[in-house]
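Numbered according to the UniProt record's numbering, the sequence shown spans residues 1 to 195.
Read the hints as simulated data drawn from the structure, not as lab findings.
Worth double-checking, as some hints may not be accurate.
[What the hints assert, rightly or not] What follows is a list of derived Cβ distance ranges for each label pair:
1. 167 with 16: 27 to 35 Å
2. 55 with 99: 30 to 38 Å
3. 24 with 76: 35 to 43 Å
[To be verified] Below are the DSSO-like pairs computed for lysine-lysine, each with C-alpha atoms no more than 30 Å apart in a straight line:
4. 111 with 121
5. 121 with 178
6. 111 with 178
7. 193 with 178
Just so you know, even glycine gets a beta-carbon here, dropped at the ideal spot from N, CA and C.
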Amino acid sequence: MISSLRGIVERVSGGLVVIDVGGVGYGVAVTPQLAAALEVGASAHLMVTTIVREDAITLYGFESSEASHVFETLLSVTGVGPRSALAVLAYLTPAQVFSAVASDDDTAFTKVSGIGPKTAKLICVQLAGRLDSVATADPTAPGRPTDTTDAVVSALIGLGWNERLARETVRPMESSGKTTSQLLREALAMMAKQS
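Given only the sequences and the hints, what does the whole structure look like? Please build it.
Right, here's the structure in full:
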(Lines of atoms letter the chains of each structure in order from A and count residues from 1; the text may use other names and numbers.)
(Lines give C-alpha, C1' and ligand atoms only; values in the text may rest on other atoms or scores of the structure.)
Protein backbone atom coordinates (compact mmCIF):
# COMPACT_ATOMS: atom_id res chain seq x y z
CA MET A 1 0.00 0.00 0.00
CA ILE A 2 1.27 3.49 -0.84
CA SER A 3 0.94 5.90 2.11
CA SER A 4 2.79 8.98 0.86
CA LEU A 5 4.56 10.29 -2.21
CA ARG A 6 7.36 12.83 -2.42
CA GLY A 7 8.51 13.89 -5.85
CA ILE A 8 8.23 16.38 -8.68
CA VAL A 9 4.85 17.42 -10.07
CA GLU A 10 4.90 16.27 -13.67
CA ARG A 11 1.36 17.19 -14.70
CA VAL A 12 -1.78 18.77 -13.24
CA SER A 13 -5.03 18.06 -15.06
CA GLY A 14 -8.28 18.89 -13.29
CA GLY A 15 -8.48 16.73 -10.19
CA LEU A 16 -5.55 14.51 -11.19
CA VAL A 17 -1.87 15.19 -10.62
CA VAL A 18 1.05 13.08 -11.76
CA ILE A 19 3.95 12.94 -9.29
CA ASP A 20 7.29 11.68 -10.61
CA VAL A 21 8.98 9.63 -7.90
CA GLY A 22 12.30 8.18 -9.03
CA GLY A 23 11.27 8.07 -12.67
CA VAL A 24 7.83 6.55 -12.05
CA GLY A 25 4.80 8.79 -12.56
CA TYR A 26 2.00 8.18 -10.06
CA GLY A 27 -1.46 9.48 -10.98
CA VAL A 28 -3.12 10.83 -7.84
CA ALA A 29 -6.71 12.10 -7.50
CA VAL A 30 -6.80 15.31 -5.43
CA THR A 31 -9.22 18.08 -4.50
CA PRO A 32 -9.42 21.06 -6.89
CA GLN A 33 -7.85 23.28 -4.21
CA LEU A 34 -4.82 21.03 -3.86
CA ALA A 35 -4.49 20.70 -7.64
CA ALA A 36 -4.46 24.51 -7.90
CA ALA A 37 -1.74 24.76 -5.24
CA LEU A 38 0.57 22.29 -7.02
CA GLU A 39 2.79 23.60 -9.80
CA VAL A 40 4.37 21.60 -12.59
CA GLY A 41 8.08 21.17 -11.93
CA ALA A 42 7.77 21.89 -8.20
CA SER A 43 8.45 19.40 -5.44
CA ALA A 44 5.41 17.95 -3.67
CA HIS A 45 4.74 15.72 -0.68
CA LEU A 46 1.30 14.12 -0.53
CA MET A 47 -0.25 11.83 2.04
CA VAL A 48 -1.91 9.06 0.03
CA THR A 49 -4.79 6.65 0.51
CA THR A 50 -4.67 3.67 -1.83
CA ILE A 51 -7.99 2.16 -2.91
CA VAL A 52 -7.75 -1.28 -4.50
CA ARG A 53 -10.72 -2.54 -6.50
CA GLU A 54 -11.13 -5.51 -8.81
CA ASP A 55 -10.52 -3.44 -11.89
CA ALA A 56 -8.33 -0.56 -10.66
CA ILE A 57 -5.88 0.74 -8.10
CA THR A 58 -6.54 4.42 -7.37
CA LEU A 59 -4.45 6.82 -5.33
CA TYR A 60 -6.07 9.74 -3.49
CA GLY A 61 -3.70 12.48 -2.30
CA PHE A 62 -3.96 15.01 0.52
CA GLU A 63 -1.82 17.82 1.88
CA SER A 64 -2.07 16.55 5.47
CA SER A 65 -2.41 13.30 7.38
CA GLU A 66 -5.56 14.75 9.02
CA ALA A 67 -7.27 15.08 5.62
CA SER A 68 -6.22 11.54 4.72
CA HIS A 69 -7.61 10.25 8.04
CA VAL A 70 -10.94 12.04 7.51
CA PHE A 71 -11.12 10.66 3.95
CA GLU A 72 -10.56 7.09 5.17
CA THR A 73 -13.09 7.54 7.98
CA LEU A 74 -15.69 8.92 5.54
CA LEU A 75 -15.25 5.77 3.43
CA SER A 76 -16.59 3.71 6.34
CA VAL A 77 -19.98 5.43 6.04
CA THR A 78 -22.67 3.52 4.14
CA GLY A 79 -23.20 5.14 0.75
CA VAL A 80 -19.97 7.18 0.73
CA GLY A 81 -17.42 6.15 -1.86
CA PRO A 82 -14.03 7.65 -2.68
CA ARG A 83 -15.42 10.30 -5.04
CA SER A 84 -18.00 11.46 -2.50
CA ALA A 85 -15.42 11.50 0.31
CA LEU A 86 -13.07 13.56 -1.88
CA ALA A 87 -15.95 15.92 -2.71
CA VAL A 88 -16.57 16.42 1.03
CA LEU A 89 -12.91 17.39 1.53
CA ALA A 90 -13.06 19.68 -1.49
CA TYR A 91 -15.88 21.58 0.22
CA LEU A 92 -14.98 21.26 3.93
CA THR A 93 -11.67 21.22 5.81
CA PRO A 94 -10.98 18.29 8.17
CA ALA A 95 -11.74 20.60 11.13
CA GLN A 96 -15.07 21.62 9.55
CA VAL A 97 -15.98 17.96 9.00
CA PHE A 98 -15.23 17.26 12.67
CA SER A 99 -17.24 20.28 13.77
CA ALA A 100 -20.23 19.31 11.60
CA VAL A 101 -20.17 15.73 12.92
CA ALA A 102 -19.71 16.85 16.55
CA SER A 103 -22.63 19.29 16.32
CA ASP A 104 -24.78 16.87 14.27
CA ASP A 105 -24.98 19.48 11.47
CA ASP A 106 -25.93 17.26 8.54
CA THR A 107 -26.82 20.34 6.44
CA ALA A 108 -23.06 21.05 6.10
CA PHE A 109 -22.78 17.83 4.10
CA THR A 110 -25.89 18.32 1.94
CA LYS A 111 -24.13 21.31 0.34
CA VAL A 112 -21.58 18.88 -1.10
CA SER A 113 -22.29 17.67 -4.63
CA GLY A 114 -23.42 14.04 -4.56
CA ILE A 115 -24.36 13.96 -0.86
CA GLY A 116 -28.10 13.85 -0.24
CA PRO A 117 -29.96 14.39 3.06
CA LYS A 118 -30.02 10.67 3.92
CA THR A 119 -26.27 10.21 3.37
CA ALA A 120 -25.53 13.46 5.22
CA LYS A 121 -27.44 12.18 8.25
CA LEU A 122 -25.62 8.83 8.03
CA ILE A 123 -22.27 10.65 8.03
CA CYS A 124 -23.17 12.45 11.26
CA VAL A 125 -24.58 9.32 12.93
CA GLN A 126 -21.90 6.84 11.88
CA LEU A 127 -18.94 9.16 12.52
CA ALA A 128 -20.08 10.50 15.90
CA GLY A 129 -17.13 10.10 18.27
CA ARG A 130 -14.82 8.67 15.59
CA LEU A 131 -13.10 11.89 14.45
CA ASP A 132 -11.76 13.02 17.84
CA SER A 133 -8.16 12.56 16.74
CA VAL A 134 -8.54 15.24 14.08
CA ALA A 135 -9.60 17.85 16.60
CA THR A 136 -7.23 16.85 19.39
CA ALA A 137 -4.12 16.30 17.29
CA ASP A 138 -1.72 19.20 17.54
CA PRO A 139 -0.11 19.40 14.11
CA THR A 140 1.56 22.70 14.98
CA ALA A 141 3.52 21.59 18.02
CA PRO A 142 6.62 23.76 18.41
CA GLY A 143 9.59 22.47 16.45
CA ARG A 144 7.44 20.17 14.29
CA PRO A 145 6.59 21.57 10.88
CA THR A 146 3.21 20.55 9.50
CA ASP A 147 2.64 18.78 6.19
CA THR A 148 1.26 22.08 4.91
CA THR A 149 4.38 24.07 5.78
CA ASP A 150 6.58 21.30 4.37
CA ALA A 151 4.61 21.50 1.13
CA VAL A 152 5.04 25.28 0.99
CA VAL A 153 8.79 25.05 1.66
CA SER A 154 9.11 22.35 -1.03
CA ALA A 155 7.18 24.50 -3.49
CA LEU A 156 9.40 27.51 -2.76
CA ILE A 157 12.55 25.43 -3.24
CA GLY A 158 11.09 24.13 -6.50
CA LEU A 159 10.63 27.74 -7.60
CA GLY A 160 14.33 28.37 -7.02
CA TRP A 161 14.35 29.94 -3.55
CA ASN A 162 16.99 29.08 -0.96
CA GLU A 163 15.79 26.41 1.52
CA ARG A 164 16.99 28.32 4.61
CA LEU A 165 15.21 31.51 3.50
CA ALA A 166 12.07 29.53 2.61
CA ARG A 167 11.94 27.88 6.06
CA GLU A 168 12.60 31.18 7.87
CA THR A 169 9.80 32.85 5.92
CA VAL A 170 7.26 30.07 6.45
CA ARG A 171 8.07 29.27 10.11
CA PRO A 172 6.12 32.24 11.63
CA MET A 173 3.06 31.23 9.59
CA GLU A 174 2.98 27.56 10.74
CA SER A 175 0.14 27.93 13.23
CA SER A 176 -2.00 30.27 11.13
CA GLY A 177 -4.32 27.45 10.01
CA LYS A 178 -4.19 28.64 6.40
CA THR A 179 -4.24 26.36 3.37
CA THR A 180 -1.14 25.50 1.38
CA SER A 181 -2.07 27.86 -1.44
CA GLN A 182 -2.73 30.76 0.97
CA LEU A 183 0.59 30.19 2.76
CA LEU A 184 2.43 29.89 -0.56
CA ARG A 185 1.02 33.19 -1.84
CA GLU A 186 1.92 34.99 1.40
CA ALA A 187 5.41 33.49 1.51
CA LEU A 188 6.07 34.45 -2.12
CA ALA A 189 4.93 38.01 -1.43
CA MET A 190 7.16 38.26 1.66
CA MET A 191 10.18 36.77 -0.11
CA ALA A 192 9.74 39.04 -3.13
CA LYS A 193 9.86 42.07 -0.80
CA GLN A 194 13.07 40.77 0.83
CA SER A 195 14.93 40.34 -2.45
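Now for the hints, and whether the structure bears them out:
no.	hint	result
1	167 with 16: 27 to 35 Å	holds (30 Å)
2	55 with 99: 30 to 38 Å	holds (36 Å)
3	24 with 76: 35 to 43 Å	violated (30 Å)
4	111 with 121	holds (13 Å)
5	121 with 178	holds (29 Å)
6	111 with 178	holds (22 Å)
7	193 with 178	holds (21 Å)
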